[in-house]
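Chemist: Order-wise, the sequence lines are chains A and B.
Per numbering that gives the first Met the number 0, the very first residue in the first sequence carries number 0; after that it's consecutive.
Per numbering that gives the first Met the number 0, the very first residue in the second sequence carries number 0; after that it's consecutive.
Among the hints, erroneous ones may be present.
Identical copies look the same in the list; a pair holds intra-copy or inter-copy alike.
[Stated by the list, open to error] Straight-line Cα separation of at most 27 Å, DSSO-like style, residue types lysine-lysine; simulated pairs: (1) K459 with K547; (2) K495 with K125; (3) K495 with K572; (4) K301 with K498; (5) K546 with K392; (6) K547 with K495; (7) K301 with K125; (8) K222 with K459; (9) K437 with K8.
It is worth saying that the hints were derived from the structure and are not from the lab.
There are 2 protein chains.
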Amino acid sequence: MHLNHRIEKVFPCLQWIKGYQYSHFTSDLIAALIVTIMLIPQSLAYALLAGVPPQLGLYASILPLMVYAVFGTSRTLSVGPVAIASLMTAAAIQNLGIENQVDYVNAAIMLAFLSGVFLVLMGFLKLGFLANFLSHPVVSGFITASGIIIGLSQFRHIIGIKASGDNLLELVETLLANIGSANTATMMLGIPVLLFLFWARSGLLSLLRYYSAPQKLIKLLPKVAPVLAVILTCILAYQFNLEASGLALVGEIPRGLPSFALPVFSNVSWIDFIVPAIFISIIGYVESVSIGRTLGAKRRQKVDSNQELIGLGTANIASAYSGGIPVTGGIGRSIVNFNSGAETPLAGFLAAIGIALAAMTLTGLLSYLPTATLAATIIVAVSNLIDFSILKKTWNYSRSDFTAVLLTIVITLLAGVEGGVLSGVGISIFLHLYKTTKPHIAEVGQIAGTEHYRNVYRHKVITYPEIMTLRIDESLYFPNTSYLEDQILQRIAERKDLKHIVLMCPAINEIDISALEILESINQYLSELDIGFHFSEVKGPVMDNLKKSDFLEHLNGKVFLSQHQAIEAILQKKYQKAKEKPEFTDFQI
Amino acid sequence: MHLNHRIEKVFPCLQWIKGYQYSHFTSDLIAALIVTIMLIPQSLAYALLAGVPPQLGLYASILPLMVYAVFGTSRTLSVGPVAIASLMTAAAIQNLGIENQVDYVNAAIMLAFLSGVFLVLMGFLKLGFLANFLSHPVVSGFITASGIIIGLSQFRHIIGIKASGDNLLELVETLLANIGSANTATMMLGIPVLLFLFWARSGLLSLLRYYSAPQKLIKLLPKVAPVLAVILTCILAYQFNLEASGLALVGEIPRGLPSFALPVFSNVSWIDFIVPAIFISIIGYVESVSIGRTLGAKRRQKVDSNQELIGLGTANIASAYSGGIPVTGGIGRSIVNFNSGAETPLAGFLAAIGIALAAMTLTGLLSYLPTATLAATIIVAVSNLIDFSILKKTWNYSRSDFTAVLLTIVITLLAGVEGGVLSGVGISIFLHLYKTTKPHIAEVGQIAGTEHYRNVYRHKVITYPEIMTLRIDESLYFPNTSYLEDQILQRIAERKDLKHIVLMCPAINEIDISALEILESINQYLSELDIGFHFSEVKGPVMDNLKKSDFLEHLNGKVFLSQHQAIEAILQKKYQKAKEKPEFTDFQI
């Protein structure tokens with residue numbers, strides 16, 4: 000590879016920097032402004048969701064964005080703290096039984112660091128394909144269920160009660176148990192803010208459209224609504240000293256930028272964080288690549304899944320070194336970035352500068368911010384994630400996809416996020432394997448006027464009483480060997496005048512050694528009954544393997560290149576008897 | 000189903016009882032005698048291996064054999080305590096930290112009971128197919144490794160030292176640490192017995208053949224050798240009061256038959272036994288069905304895998320109710336039963352009566368039996384299980400089968416039996432899935448003079464620059480969707496004059512919803528490039544599914560019955576443009 004190419008592989012930013020134009024800068028700057036305005040309350044909110052002090056959310060929105068702009072391959076992905084990663088961070092730390100505030104913060108940072116290391120490692124080992132085991136329906140189901148859990152977990156802040164738990168039952172139980180102790184001041188502020196934010200997403204849009212407001216305003220106002228809510232509620236809290244009436248505020252946020260160092264651990268072992276870090280990083284990666292690909296497809300921009308691992312991994316390491324929580328590409332934020340006209344990752348870089356400026360100047364004001372406002376921001380944001388349409392779509396298409404989604408949703412709701420993901424993957428794989436244990440086996444015949452052979456029950460075909468051709472629609476491997484044997488022997492028993500069996504193998508992509516042993520035993524059995532055992536359309540890689548065994552030497556029949564040749568040869572009785580060298584010599588490789 | 004048939008389904012014994020002849024009885028009786036002689040020391044030995052008092056081995060060889068004769072489907076399988084199930088029983092109880100002798104015995108009985116319940120449940124739910132996930136190579140590897148562990152674990156009894164552990168390292172470590180304290184009397188007796196038993200298997204046979212001894216003697220003597228060893232060592236131990244010199248004896252065995260009741264539990268919860276019971280029962284089932292099938296095939300007798308679950312399950316429940324340890328069909332014992340001429344399960348029933356008589360009369364003599372003799376019996380028996388040839392066989396045929404076997408052996412040796420089995424299954428499934436994530440994709444062309452299309456790199460074929468036909472050799476499902484997309488887009492990018500892509504689908508047995516989404520996005524992309532996107536040889540079940548979605552309505556091309564029709568239609572430009580109803584109407588179902 001040319002040196003330039005290699006350097007560009009390591010620093011994908013060089014590709015867009017080369018072709019950078021002034022017009023790009025204007026678009027990137029506008030997108031950066033909008034995203035910054037949106038990111039300030041979101042960063043604080045996701046820190047709240049993760050259970051860490053608000054500045055950790057801000058820190059996670061500065062350096063990681065810059066690093067991703069250098070190493071990431073998506074042009075418009077917006078990286079930073081996101082709802083699901085924050086929820087998983089909180090759940091992981093609580094599961095480890097860490098309650099001390101200093102340890103809790105260190106744990107969150109350690110999770111970001113280990114997630115980053117894990118992602119970079121996966122990237123170097125080119126293991127991006129492993130993420131494919133999280134199927135799209137399973138991820139959709141998981142995101143929907145997580146959205147519900149997140150929304151419910153934040154509701155306590157809206158009405159000012161204590162509630163906890165990382166699954167539906169615990170949350171509902173603690174919410175109901177404490178609902179009597181709701182705080183009036185919090186409710187009076189929280190519920191209107193929540194309603195306002197929901198209205199800003201739907202009612203406001205209709206209103207603006209009704210009055211034919213300019214497009215730019217229609218685009219901008221709903222995004223500014225959370226900022227308005229933040230400013231207004233800060234002022235209210237300050238003016239009326241609502242903290243005294245029981246309204247929870249964000250409280251003091253250290254002014255300025257983070258220092259660049261990993262925290263020193265004392266009471267907890269980093270080993271315990273490896274498994275949760277793997278979960279957080281894989282889920283984050285899948286979410287990020289999925290939105291990155293969707294946006295990339297709209298502008299014909301490619302997202303390289305292995306380089307993305309490195310981009311997101313370095314972003315997480317950067318987040319940890321600057322005292323932030325785990326980050327990934329956020330769905331909502333990336334769509335806003337894309338729709339606001341971002342052309343290159345410079346938009347993300349500029350947004351990072353915006354957040355840094357906010358961290359240096361706005362922290363005084365933000366200390367009066369009611370947590371109820373942040374909770375309302377989160378609830379409105381995650382309400383977008385909740386989407387049950389995947390249930391309907393999969394129900395119509397395939398019951399096994401539907402089962403995987405439904406169980407993922409139910410288990411995530413009842414057992415929490417990590418259990419939900421694991422079950423989703425497990426169920427999908429199990430259902431796939433289950434289908435392969437009882438493969439579809441079709442008896443086929445010739446479609447008149449062609450050399451094509453199809454299922455006797457679906458097509459009008461020509462067959463012969465002394466020949467049975469079975470097409471097995473699956474690779475032959477250990478889970479289906481005994482089914483295969485039962486099926487073949489049973490079908491032989493039903494056909495008394497049978498002289499030849501042909502296994503038509505276009506769908507057999509592998510014959511493992513367990514299956515080979517079964518084929519040997521079937522061959523033995525058929526030899527004794529003096530029934531020919533033939534194969535047709537065995538694919539190259541499978542044939543290569545069979546030749547390594549002595550199966551073909553003992554075969555009581557022949558291997559034919561095509562099904563048609565097999566039938567013609569058998570009918571003309573031209574085939575030679577067993578124990579000779581198999582005819583199949585036209586495999587050149 | 001006819002009532003008689005139904006009753007025969009529930010009681011498979013009715014089938015052989017109906018056709019029972021006097022000549023059968025003679026054969027069965029002789030086989031029963033030989034098996035009884037063999038079973039007495041083996042039953043005591045496997046009780047020793049399981050760590051329970053010797054009578055539990057005898058009890059496990061009475062009622063279970065009778066129950067299996069009623070409910071089992073194999074004619075010649077010999078059920079009873081076996082080496083691997085006993086090893087797993089001991090490992091499970093030790094893992095649970097049970098040391099008190101009464102609890103230990105109760106735990107062993109509880110494991111037999113739960114194994115039985117689990118097997119019967121599997122049988123009623125017709126889940127026998129699940130056992131297929133233990134592939135034959137993995138089971139071979141597991142049995143070999145278990146054989147090594149069992150042999151090593153018994154060696155301490157031969158030289159009279161303490162050693163423990165359920166994996167290779169622990170065993171070797173404790174053996175080496177204690178070898179200095181070996182007991183002279185034990186060694187003086189143990190080592191000669193061990194050598195004698197090995198010689199009786201090989202040297203004795205050659206000797207008998209050399210002197211042209213009658214066939215019956217050649218067959219019988221090696222089987223009687225362990226009994227000779229038992230009798231001789233009992234007499235030696237009694238005569239010279241070797242117990243005083245440190246020789247461990249079996250000790251008092253309660254005379255008579257077991258009482259029929261489950262033990263009452265006090266200190267341990269039966270919940271803890273569920274997982275080990277599942278392991279023991281599945282491994283036992285696989286071992287049993289595998290030997291049952293092998294023997295059945297030799298006499299054209301069928302073994303019904305679901306009924307076998309019930310047969311072995313009830314046998315285990317019977318074992319527990321009569322105070323015995325987990326049982327299953329033993330490999331060595333079944334082969335002896337078969338070779339001794341057993342015709343029906345009555346042989347097993349008669350052997351049970353033989354053991355019962357022994358339990359009532361011989362216990363006085365057997366209390367002088369040295370454990371070294373039993374250990375030697377076990378070592379000689381399991382030495383037959385150790386067989387590394389599966390490594391060579393799989394190495395030659397397929398590296399992924401080889402990897403699965405090798406890792407199963409290594410992990411079983413290092414991490415114990417349960418870990419070994421789990422890893423074996425996990426590795427086999429993972430390797431299979433891994434292969435499906437990067438499926439073989441062949442570009443194909445027409446073999447001149449036929450309507451058959453094959454790989455352009457393996458055959459001399461006719462192709463056209465404007466048409467690319469790809470045959471994807473795998474079902475399209477979530478783990479390979481992104482690989483598929485990358486491959487197709489990459490191949491398109493390399494072919495500038497491309498006008499049509501045909502996906503030839505004979506090997507595609509499933510298109511799940513994740514794959515459907517990728518096909519939709521590829522179709523979208525190809526539409527914009529004005530490249531036709533066609534399918535050929537889509538199988539019935541897959542087509543049924545595609546019709547449930549709106550994919551075919553948006554398809555920028557057509558679905559052809561055969562690849563040849565696709566090429567002909569495209570060449571004659573007869574195909575109609577997209578958005579019309581797909582031509583594919585000859586699917587009748």
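Chemist: Can you tell me if K222 and K459 fall within 27 Å by alpha carbon in one copy, between copies, both or neither?
Modeler: Result: close neither inside a copy nor across copies, 62 Å intra and 62 Å inter.
Chemist: Check K495 against K125 for me: Cα-Cα at most 27 Å, and say if that holds within a copy, between copies, both or neither.
Modeler: neither (55 Å within a copy, 29 Å between copies)
Chemist: When Cα atoms must be at most 27 Å apart, do K437 and K8 count as within-copy, between-copy, both, or neither?
Modeler: between (45 Å within a copy, 23 Å between copies)
Chemist: From the Cα coordinates, with 27 Å as the cut-off, is the pair K495 and K572 best called within, between, both, or neither?
Modeler: within (20 Å within a copy, 47 Å between copies)
Chemist: Between K301 and K125, at a C-alpha cutoff of 27 Å, which is it: within one copy, between copies, both, or neither?
Modeler: Answer is within; shortest intra-copy Cα gap is 17 Å, inter-copy 48 Å.
Chemist: Treating 27 Å as the Cα threshold, decide for K547 and K495: within, between, both or neither.
Modeler: neither (34 Å within a copy, 39 Å between copies)
Chemist: Should K546 paired with K392 be assigned to within, between, both, or neither, using CA atoms and 27 Å as the limit?
Modeler: Cα proximity of K546 and K392: across copies only (13 Å, versus 45 Å in one copy).
Chemist: One pair to classify: K301 and K498, alpha carbons no more than 27 Å apart. Within, between, both, or neither?
Modeler: Result: close only across copies, 23 Å inter versus 56 Å intra.
Chemist: Within a copy, between copies, both or neither: where do K459 and K547 come within 27 Å Cα-Cα?
Modeler: Classified as between: cross-chain Cα gap 24 Å, same-chain 39 Å, threshold 27 Å.
In summary, the numbered hints that this structure violates are 2, 6 and 8.
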